[in-house]
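J.: Hey, can you work out the whole structure from these sequences and the hints?
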Amino acid sequence: QNPKVDSTTSSIEHNAGSNSNKHYRTTRFVSTITDLLFILLLIMSLSLQSGGTSSRALPNPTSSTLSAPAQATTRPITTGTSVLGVKYNGGVMLAADTLCSYGSLAKYKNARRLLPVNSRTLVGASGEYSDLQSISDLLRRNALEDRCTADSLYEEETQSEECAKEVWSYLRAVMYNRRNKMNPLWNDVVVAGFKQNADGTTSDEPFLGVVDKIGTAYEDDILATGFGGYIALPLLREKYSANMEEGEARAL
Amino acid sequence: QRPILPAHSKNHKLSKTVTTMASLLSATSAVHSRNGQSCLPIHSSEGQATIPVRFDGTNLSISTNPTANIIDGSSIDHGITKAPYERSFSPYEFNGGTTLAISGPDYAVVAADTRLSSGYEILSRNVSKLHPLTERCVLGSAGCKTDVDQLRSVLDIKMKVYQHNHRKPMATPSVAQMLGNTLYMKRFFPYYSFNVLAGIDSEGKGAVYSYDAIGSFERTPFSASGSGQSFLIPLMDNVISHKNRLDEQRDLPVEEVVEIVKDAFLTAGERDIYTGDAVEIKIITKEGIRTEMFNLKAD
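Read top to bottom, the protein sequences are chains A and B. Following my numbering, the numbering of the first sequence begins with 1 at its first residue and continues without gaps. Following my numbering, the numbering of the second sequence begins with 1 at its first residue and continues without gaps.
You may find that some hints are simply not true.
What the hints assert, rightly or not - List time: in silico BS3-like cross-link candidates among lysine-lysine, alpha-carbon distance up to 30 Å:
| # | chain 1 | residue 1 | chain 2 | residue 2 |
| --- | --- | --- | --- | --- |
| 1 | B | Lys262 | B | Lys243 |
| 2 | A | Lys195 | B | Lys286 |
| 3 | A | Lys239 | B | Lys205 |
| 4 | A | Lys165 | B | Lys160 |
| 5 | A | Lys195 | B | Lys160 |
| 6 | B | Lys286 | A | Lys165 |
| 7 | B | Lys286 | B | Lys262 |
| 8 | B | Lys297 | A | Lys239 |
| 9 | A | Lys195 | A | Lys165 |
| 10 | B | Lys168 | B | Lys205 |
Just so you know, the hints here were simulated from the structure itself, not pulled from any lab data.
T.: And the structure:
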C-alpha cells in the first residue's frame with residue numbers, strides 16, 4: 001500500500017505546484033473576470049473531470065492547453081462486461097467476472113473490476129478498463145484528501161469519509177461533465193455501500209446505485225450493467241425478495 | 001461585479017468546439033424539412049428519438065453515417081461483413097416515459113410513469129419523473145434522464161437564490177418563465193428533456209405549462225409529453241377539452257380527473273413499450289401536494 005500512497009500524494013503536490021506557476025503567469029493578463037475564468041479553465045483542464053491534458057504530461061504548458069483535447073473517446077478498447085448488484089439483509093453485494101477483452105481477444109483473465117474506494121464504498125464498472133482505473137484513482141485520491149483534511153487523523157474513519165450515496169452523486173457529476181465535452185469515460189459504474197446518518201455515522205441502510213457514461217444515475221435494489229442485464233435482471237426480478245440473507249443473495 | 005454564471009456556461013467556454021445551429025443543420029440525415037426549411041427534431045414525437053451526434057475534435061455535427069447510430073457495442077462488426085464505418089458517441093439517449101398534467105379551477109394534477117428504459121432494456125421500474133419545485137409547483141420531465149437531472153439541479157439552485165433574494169418562494173408563472181429561459185440558454189446543446197409544469201398560480205387556479213426541448217412554452221389546460229404523448233393528447237382533447245362531443249360540458253372534480261389520468265395511462269401503457277410499471281400521480285391544491293401510486297402492466 002505505501003508506494004501507492006506516496007505516488008498519489010506526490011502527484012497532488014506536483015499539481016498544486018504547477019497550478020501556482022500558471023496562476024502567477026495568467027494574472028498579468030486582461031481583466032479580472034476573464035482572469036478568473038482563465039484560471040478556472042486551467043485548473044479544470046488539469047483534472048480528470050475535465051478530460052483535458054494532465055499537467056504531468058506537460059510540465060510547462062503553453063496556452064494551447066486551453067483549447068479542446070486533440071482526441072476524444074470514440075470507442076472502448078479493453079472492455080469488461082457486466083456487473084451485478086444485489087441488496088440483502090444488512091448489506092449489498094456486487095459480482096463481476098475477471099475477464100477483460102481486447103475486441104474478440106480474451107486478453108486479461110484476472111483483472112479486478114470491483115474496487116474499494118473507502119471503508120464504506122465499493123465501485124464496480126463495465127466498459128473501458130482504463131477509464132475504470134482512472135475513476136478508481138480519482139475516487140481514492142478524494143478519499144485520501146478527505147482523511148488528510150479531517151478534523152483529526154486519528155478519529156473514527158467513517159466520520160470523514162464519503163458515504164456511497166455521495167460517491168454516486170459525485171461520480172454522476174463527473175460523467176456528465178465529461179459527456180458535455182463529448183469525451184466520455186466509457187463506463188457503466190455501479191456504486192455500492194451504505195448511506196450515512198445526519199451526524200455522519202454510517203447508517204444500516206445499504207445503498208446500490210449506477211451511473212452510466214452519459215451520467216444517467218439511478219438507484220435500485222437489484223442492478224445489472226451491460227449485456228448481462230438482459231439475462232440477469234429478469235431472473236433477479238423474479239426471484240428477488242427484500243431482506244434475503246447473505247447466503248441466499250449469493251446463491252441468487 | 002462578478003456575474004452569476006449559470007452552471008453550464010463553463011462548458012460553453014471550454015468547448016469552443018460546439019458549433020452553431022448552422023453547422024448542425026447542414027447535416028441532412030436527422031434533418032427534415034418543414035415548409036421548405038430544414039430543422040432539427042426537437043420534439044420527442046419527431047422522427048428519430050435519439051439524435052446521433054458526431055464530434056471530430058473541433059466540430060459538433062449530426063452524424064450523417066446511417067450505420068453508426070448504435071453506440072452500445074451491440075453492432076460490433078470489426079469490418080468483417082460490412083464496409084468499415086466510424087462509430088460515434090452520442091451524448092443523448094432516450095430513456096422513455098410519459099408525463100401528463102391537467103389543470104382545474106382550483107387544482108392541478110400531474111402524473112408520470114416510473115419506468116426508465118434504454119433501447120429495449122428496462123433499467124428500472126421505480127424511478128420518479130416528477131420533481132416538486134415549490135409547495136405549489138411540480139415539474140414532470142421525460143426524455144434523457146441525465147439532462148433531466150441536470151435541469152432539475154440547475155432549477156433548484158436558481159429557486160434557492162430567488163428565495164434568498166426575494167424572501168418568498170417563486171410563484172408558478174415565474175417558475176414557468178424561468179424554466180423556459182433555462183432551456184433556451186442551452187439552445188445550441190439542448191437539455192433533451194420534454195417538460196410539463198403543473199401548479200397553482202397566484203390566484204389559486206390550476207396552471208399547466210407545456211414545453212419543448214429548447215424552452216418555448218405556453219399555458220394550456222392540459223399537457224402530455226414523452227413517448228406516450230400521442231396516445232394521451234387525443235384522449236384528453238375529447239375528455240378534458242370536450243372536443244367533438246355533443247353532451248354538455250361540466251366542471252370536473254379532482255377525484256374524477258385522477259380516475260381519467262389512471263385510465264389514460266392504462267391506455268398509453270397498452271401500446272407504448274416505454275410506458276408501464278407504475279404511475280406516480282401528484283395532486284396539487286392550495287393545501288399542498290398529495291401523491292398517489294397506481295400500478296400498470298409490467299410488459
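J.: Checked against the structure, which of the hints given earlier come out wrong?
T.: 2, 3 and 6
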